[in-house]
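One line per chain: the protein sequences are B and R, in this order.
Under my numbering, the first residue of the first sequence is numbered 1036, with each subsequent residue one higher.
Under my numbering, the first residue of the second sequence is numbered 18, with each subsequent residue one higher.
Derived from the structure by calculation, the hints contain no laboratory data.
For clarity, every value in this text was computed on a predicted model and none was experimentally measured.
There may be inaccurate statements among the hints.
With a cut-off of at most 20 Å between alpha-carbon atoms, the simulated SDA-like pairs for lysine to any residue come out as follows [unchecked claim]: (1) B:1116 - R:75; (2) B:1062 - R:76; (3) B:1100 - R:78.
Residues of chain R placed beyond 12 Å of chain B at every Cβ, according to the derived structure [said to hold, decoys possible]: (4) 42; (5) 44; (6) 49; (7) 52; (8) 55; (9) 65; (10) 74; (11) 91; (12) 95; (13) 106; (14) 112; (15) 113; (16) 137; (17) 139; (18) 147.
For every residue, glycine included, the Cβ atom is placed at its ideal position computed from N, Cα and C.
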Amino acid sequence: CGAVLQRLRAAVHYTAGCLCQGVAEDKGVLFSKQTVAAISEITFRQCGMSAWHAKRSTITSEDVKLLARRSNSLLKYITQKSEELASSNMEQKEKK
Amino acid sequence: RGRPTSLHHKSALFSCPKELNRHENWSLSPEEFEIWDRLYRLKENDGVKEPILPRTQFETLGNLEETSKSEEEAVHKLSLSEWSIWQSRPFPTSMVDHSDRCHHFISVMDMIEVMRQEQGDCSYELELQPHLRIEDVNVQRSKSGSSVTSSA
Chain B
1036 CGAVLQRLRA AVHYTAGCLC QGVAEDKGVL FSKQTVAAIS EITFRQCGMS AWHAKRSTIT
1096 SEDVKLLARR SNSLLKYITQ KSEELASSNM EQKEKK
Chain R
18 RGRPTSLHHK SALFSCPKEL NRHENWSLSP EEFEIWDRLY RLKENDGVKE PILPRTQFET
78 LGNLEETSKS EEEAVHKLSL SEWSIWQSRP FPTSMVDHSD RCHHFISVMD MIEVMRQEQG
138 DCSYELELQP HLRIEDVNVQ RSKSGSSVTS SA
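Please model the entire structure based on the sequences and the hints provided.
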């Protein structure tokens, strides 16, 4: 189990590095390796744990929206993404 | 400032049983209002700024939340980062245990404290590098080497 967690951590760390790179270019700043490592560990810890504890077997997009309920701007963003995703899924089905 | 200690505050608010019957409204009774006004309410001559919590702001999203008042100088914005060096170990609890999320926060603060001493190479990165499987990640843009950042 420990090896799986380290593998997941490594993947999150790599991706966090890519995303930080994008922000760095955008803002004209540099992220130290330690900063990226800390952001990555925070991200890792913000994920999985809650998903593993969820009792329901199928998590839906409504549950995801619920995670964003505290911030109006975040909720709006997630809702919009969810609708985009739903409509593109519909298109995919129609093509088939 | 000539005010009673916090111990007196508590006894003033919570131990007046004869007022209890009248306390059925959501609002303060005249007696409670008098106590609040005298002991707790912040007034101009207190020389203390009104405490407020910082509002949520998302740097990467459009902000729907109200923009904070312009008279922010007159308030004391409660800081959640001012005492960060105290936060790498659990603070005492009274009735409510620390949550998982709180323990994660403490762990990361501790990790940051350890990394603060590092120069250049990052131990976290070195430890994880052997575990990286390229099929787990989205490799779109070509990067020179695996390192995407420069050291501090």
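Tested hints:
no. : hint          : verdict
1   : B:1116 - R:75 : holds, 17 Å
2   : B:1062 - R:76 : holds, 12 Å
3   : B:1100 - R:78 : holds, 16 Å
4   : 42            : holds, 30 Å
5   : 44            : holds, 28 Å
6   : 49            : holds, 31 Å
7   : 52            : holds, 34 Å
8   : 55            : holds, 36 Å
9   : 65            : holds, 29 Å
10  : 74            : violated, 9 Å
11  : 91            : holds, 26 Å
12  : 95            : holds, 17 Å
13  : 106           : holds, 17 Å
14  : 112           : holds, 23 Å
15  : 113           : holds, 19 Å
16  : 137           : violated, 8 Å
17  : 139           : violated, 4 Å
18  : 147           : violated, 8 Å
Of the numbered hints listed earlier, those contradicted by the structure are 10, 16, 17 and 18.
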